[in-house]
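Engineer: As you go down the protein sequences, you meet chains A and B in turn. Just so you know, the first sequence maps onto residues 1 to 624 in this note's numbering. Just so you know, the second sequence maps onto residues 625 to 963 in this note's numbering.
No wet-lab data here; the hints were simulated from the structure. Note that CB positions come from ideal geometry on N, CA and C, so glycine has one too.
Negatives, chain B to chain A, calculated, CB over 10 Å:
{"hint": "1", "residue": "Lys-771"}
{"hint": "2", "residue": "Glu-774"}
{"hint": "3", "residue": "Arg-857"}
{"hint": "4", "residue": "Arg-861"}
{"hint": "5", "residue": "Tyr-866"}
{"hint": "6", "residue": "Thr-892"}
{"hint": "7", "residue": "Arg-929"}
{"hint": "8", "residue": "Ile-931"}
{"hint": "9", "residue": "His-948"}
Straight line, CA to CA, 25 Å or less: simulated DSS-like cross-link-like pairs of lysine-lysine:
{"hint": "10", "chain 1": "A", "residue 1": "Lys-201", "chain 2": "A", "residue 2": "Lys-617"}
{"hint": "11", "chain 1": "B", "residue 1": "Lys-771", "chain 2": "B", "residue 2": "Lys-748"}
{"hint": "12", "chain 1": "A", "residue 1": "Lys-315", "chain 2": "B", "residue 2": "Lys-748"}
{"hint": "13", "chain 1": "B", "residue 1": "Lys-920", "chain 2": "B", "residue 2": "Lys-842"}
{"hint": "14", "chain 1": "A", "residue 1": "Lys-201", "chain 2": "A", "residue 2": "Lys-143"}
{"hint": "15", "chain 1": "B", "residue 1": "Lys-663", "chain 2": "B", "residue 2": "Lys-652"}
{"hint": "16", "chain 1": "B", "residue 1": "Lys-771", "chain 2": "B", "residue 2": "Lys-842"}
{"hint": "17", "chain 1": "B", "residue 1": "Lys-748", "chain 2": "A", "residue 2": "Lys-201"}
{"hint": "18", "chain 1": "B", "residue 1": "Lys-725", "chain 2": "A", "residue 2": "Lys-143"}
Going by beta-carbon spacing under 8 Å, a handful of chain A positions derived as facing chain B:
{"hint": "19", "residue": "Thr-213"}
{"hint": "20", "residue": "Ser-214"}
{"hint": "21", "residue": "Gly-215"}
{"hint": "22", "residue": "Gln-220"}
{"hint": "23", "residue": "Pro-228"}
{"hint": "24", "residue": "Tyr-304"}
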Amino acid sequence: MMLARPWLPDALLRPPAVLLLPFADWLNAFSDYLQNDLQLTIFTRAIADVVQFILDVVNNFLLGGRKGLGLPAVPWLTVAALAGLLGYFLGGTRLALLSGGTFTYLALFGQWKLAMQTLALVFVSAPAAVLIGLLLGIAAQRKRWLEVSIAPLLNIAQSLPHFSYLLPVVIFFGVGHHAGAIATIIFATPPMIRMTLLGLKRIQPEIIEAGRTSGCSPRQRLWLVEVPSARQEIMVGINQVIMQCLAMVVIASFIGAPGLGYKLLLLLQSLRIGDAIEIGVSIVLIAIMLDRLTLAWAYRVPEYHGDERFLVRHKYLLGAIALAAVSIAIAALEPYFYFIPRREGLSTGFLWDPIVDWITLNLFDPLQVFRHFVALYILIPVRDLYQWAPFSAVMLLYTGLGWCIGGRTCALLIFSFLGFIALSGWWDRAMITAYMITVAVSVCIVLGLTLGIWASRSPSRAKRALLLCDTFQTFPSFIYLIPVIMLFQVNDLSAIAAVTIYAMIPAVRYTIEGLRNVPVPLQEAVTSAGANRLQRLVQLELPLALPHIMVGINQTVMFSLFMVVIAAFIGTQDLGQEMMRALSFNDLGKGLVLGFCVAFLGLTIDQLVSHWERRRKRELGLAE
Amino acid sequence: MDGKTSGVIRCESLWKIYGPDPGGIFRKHDGAPSDEALKESGHIAAVNNISLEISRGEMLVVMGLSGSGKSTLVRCLSRLVESTAGRVEMDGQDLFALDEKELIELWRHKMGMVFQHFALLPHKTVLENVAFPLQMQGITPDVRRAKALEMIELVGLSGRENYFPRELSGGQQQRVGIARSLAVDPGIWFLDEPFSALDPLIRREMQDEFLRLQEMLKKSIVFITHDFDEALRLADRIAILYHGKVEQIGTPEEIVMNPATDYVARFTSEVPRARVLTVGSFVVAGEGDGVEPVAKDTPIASILRRIVLSPDARIPVVEDNGRHLGVIDRNALLDALFG
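If we strip away everything but chain B, and leave its shape as in the complex, we get (with noise of 0.2 Å):
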């Protein structure tokens, strides 16, 4: 039950359906009822057939408008919403095989989750909403005080221990919202759109906090946005979702270089490539001629003056620990962003 160590989810064949009937039709289907089969009999599959993993330490961004099962999903791995066939494994546990003792044991510690709409408890303050997880599995008052300020000290909100929610404004609620998440320390992180009910600016600053956080934290993370700037920003991978099926999974670059399909492209044509595309993807072997190297994960973006200005410049690229990879194709990189 050590949270730090662990932190894996698998999820395999995952359904949900919704209507009158969804164990009926799935087995009357043999567990793969087609899109045209669930239409007729009135079902929605918002989650359809979906399999994929995160690994320890990574952030999987799951993109997806509204509709596309995208809060489904994110339910029907944190258990929240039973699903009606397929399998989740957490650290290897089988999920979908605990009774209901286990699944709140589970909850209480290895999972954290934060909501849209901050979800924060109207009658307790902020250090009692922080320590509302800790209260549940019944830690003394001391010693909850003691973790929650730690959690309100790291979310930024030192002072305000003692405020109720409807004091504060949207990104200090969320902020309240991500220290109860995190106060149990959990292996695994949900955020179910959390910076989607702020304004802008404020969306900006709270996901450069976020990367703040994960940076220190280090957690496995599943991202809900619909924003795909936001995915871009702070994903390691995205899964794009659409009508409940799981349209490319891919890092950022990948996604934006090669969409799958169609409706994948509609979202990547408007990315401003410069700030996706790294370095890594346009070396050639070679070697520099003297100038200042940059590492392999540099976005196109900030190198860009060098390459325009000095177009007979060799430029070495190194990967972080500094070893030598090659250089810049400068055609094959002006072709990608301009072509």
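Chain A with its partners taken away, still in its complex shape (with noise of 0.2 Å):
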């Protein structure tokens, strides 16, 4: 077909127009008919006061103000203090360092409130969407009706680029913080329910006998038995839970959710970008702190200590409160350590901006040759071609290729996702999304597979590496914006590179992990057999690893979808673009097309590789 092309009816290139659906128009309809029909705003507008009132205390809490409680606020140093004892409590004395020298880092450099609107958020929403996450898991696990119908909402749902959230929260819920909030809320829940599934279904049978034979009563044996049974997992629910919130907070800022996520989108509109990093290293410090005290809580092991004196069992409580009576001290008597202002905080942008003049100076040119390379011979190639590829024949290539691997379901999903896309009226923009994710997914593979080899040949190189993927992905994604924009300015090619920083994260991990569990019994086979390394990696390792390795690139293709929509920011012309466009106007309908658009590209890919991987699993032994 793509031979023919020139032969072919126009119906056959690209969709015609008869032939689109109004799905924005009928979104727009049900959305309208929800909420001047049912009424349904009233209802919602009703939460939204709820969570502005929690919002409302926290903000109390944190910054002072009239408003919740009327109280004045905790001063840095009792906060920085109890964090720090909190950090100490889960994980010694790094981990106190870690959590008392961030709030510490946030105090001195005047970026205290901003910090705090921000925070005060995520602990509005993490606290919501666990429990609803929670509720909603132990149901699905108790009633299979309610498992089957949520699980490809679940698909779907971690699949809808994050603004797809923004806009039906703006319609329903208002603008302004709490809006920030509720979409923050939805946002993290699905990560919440499948984690606690998943953690249900993992406790051993005779565990639940046991309960059963001990005569639990059906609620005694959720609450006593089940859920502590599935604590890790419910616990690792809850840090995601949590890196989801600050992620979302922070992209929140595009419907007026502020704190540090606002003003870091207010710096890059005016490209100061000294400031930006500040701000960038506050968020990132905020995010490895929340991840590692998480972890930590997660992995901790029940001790005993009931048989010690009142005093030494209680030392953390009591240890909190004195550090709380003498924080509060010292900051009413030294105002400095009770809230420093902007302007009085110390400032690093007096060392950023000479580098970032220094690289605008000394780098631009060379950068520019680079830019105009790649944009000539590379994008601008690769992205024609997908203009030019009639939409027919993709939709036929990619339904035979879901034919080939995964049977007919696979195929109909398949023609389903894209068959929407085309009736969707935005196959042209779309086709421009999948172009840049092409290249940047080409880029990821490549350079991924290097790095993941490389880092996988000594035991202890690949568990630094890990360690550095973990701390890479709790960084909301919003942060790799900084360093793009940095280098090169706004274009195509600087969305495409944000997307491949972001996205290589997965792909350098599975690759990692899939050449490191490779069975050590087959590994001395291989050695005894005489391979040398070379050999070993190609004959051995690389094709066991392989279908792990898939499911890092399935990864890589979601992230890098999430990131091209969030990189819109930057100036790009596909979906994103006109997400933002949609947001601007409060085009709810639009938005949500356009965010399945995104959604079903990505699920498209998702259906391929999990079928493949699953089949190759299966064929090696490897499947569980």
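With the hints in hand, could you dock these two chains into one complex?
Structural biologist: Following this line, the structure appears as structure tokens:
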């Protein structure tokens, strides 16, 4: 069909206009119906008021002011001291330094207010998301029909870009602080549902039987046996929720959520890179701290303290009270320890600005050459190819692939995913998105595999690399725009560069894991057969690790779709750009349709890769 | 609801069929589907028309290899798994007629169960694990603490009551499992391969320990194992399971002496008979010639030396209460051992 392009009728080249279905109008009509006829907004605005009130209380606690309970704020010294103690309690000196240090940094550098606004949003949305997710997860485990109906929804929800969550929230809940919190709650709930379900399913059947034969009523069994036994997964779920919350809170600045994200948005828009880096460091520090604290909590093993004296047994609680009292007293005497306004804070801006200037001055020309080269010989040809390919041929190609790899259901799903995109009228934009992620994912695969193979060659190197991956993955995706804008300014290449950096993490991680997890007896067998290192890698390790590596590449595709939409912020012409526009015009239908287009692109690849991966694992006898 | 005086289980024509439509296939063949009919329709009978009875204070060991349906059988008897058909009675009470609430009450007071992989709650201490069934009954903390400590002492774990399961060895964990299952003083005790996950030496030690406990407690026991030696050591009676059916049920001695099927014979051929057979099986009428008498329950291994070294002695056999039974039939005994 590609070859026959000149003779094909127009209707097969791009989706004919008569066939386009006004999905957006339908969605808008539906939302109007919900708003006006069902008066759902009364209900949703009531929720919004509740959320707003809780937010006010937390904000009041952290920042003072007249809203909420009207109490004075807690001094930063107290917050830092208590965070340090919590860190020590959960993970010893290093974690104490990390958490205490983070808050001290935020205070000393005059970012206290912004950071507390961000954290207030996280502190409100995370518990809500955890609670909702836990209850839904438990319900899904109890009721088979709920699990079956919730699974595809979770798949779509987790491949919808962040932006798609913002629009409905704005329509039903309004703009502002609470909208940020609500969007965050909705966004962060799916992983909690998944982890709860996973944890409950992984419990040994014998443990549940032990509960039953011990005479548990169903409720006793749930809360005293099953939930505690699934603690680990549930705690990892909480960790994921908190990290998702932070990422979303930063992005929710687009709908007026205050805090570090909002400030970063403004700074990036006015290209004030130096200040943006400073904010970026704060966000990164908060991310690492939250991640390490919750993980330390998750992997904590229970210990027995019942036989210790009162003072020893409650040393942390008493210590916290003492620390709070002392730090509040100090703050009362010396206002510097109470609150440090922005202009009195330290700044590293003087450090960053010259670096940024130097880069602009000295690297501009070589980078310009590089940029032109890449654009001329790679980006533009690929984009033109994608735009040139008849849509019917693309659909046929992928549906056929789906048929070969995953059978009929898979082919049917892919056909309907792509069919939706074609009929929605956004085919051309979707192809631009597809072209950008194709380039980005290709680079990710080449670089990620190389890095992964290199890192997997020694156990200690692999461990360090995995730790690095963990750390990078906790950063909210928004952060990755800062260095890219610094180097490439604003264009397609910088968007692709940002996507590449962000999306490479899973490729590296899964390559390392896959290669390190090749069974030792097999390695020994191949080595004793006289294979050298290269032969062992090519003949044994790569083939066996390939299914696992494909899982990583699948995630790379998902990550890059998320990032490509965020990168719309620095000016692309794809679906993400349209989504930004829909956001600024409050066009719910259009925004959602675009979101689904992005999600379906991702799910198409996901269908292909996961079917192939599962089949391959079965063939290799690696399936569980 | 008094656990001490009760303790009889009877099951009649018990069926547990797995597959697409267990109930349907069962009714279609009028409650007696043949092996072929089951196989053709893609069903498997994990418990295939089993009837047996455990009397008060008796230990029935259910022996079978993996896939023989022994784990399913014990779960059907305890109603952890719903059976396809049949009837289970516990102290004359129809187990399948109970609703959920009554069933929970039954578990709370009458049954104890020990699991192959211990199934201890990882977030609770030894003491809390043992007290857990009592907690479910709503017993006050002081009372259940006292009772749990008593159980912990019984299984020899005193001093470790505040440990967590992860801090214990496998053998110790199973002691906790045993203590937990005994905490409510159940009349009926189910043990599902309790020692299979342990090292051979520890297993042996635990078996001795278990015999000591049973000597004291006299529970009615269903004990599952895949280890024929273990079955011989512990059982009052053994039921040998194969493909969901009972191949043979009887005392260890009966099974070793008269295996009912080839399958059973394959197990018994390797068994050192001197350890299983007792003197009581080789008694003929007659008066002893003044040498020291032996009890009829004595394994012949322990008197073999006397028999071989003094070929002409007429060794008297007596009952537990000392009543004279006869003398050992030397030739029959040697034939059974070496013939």
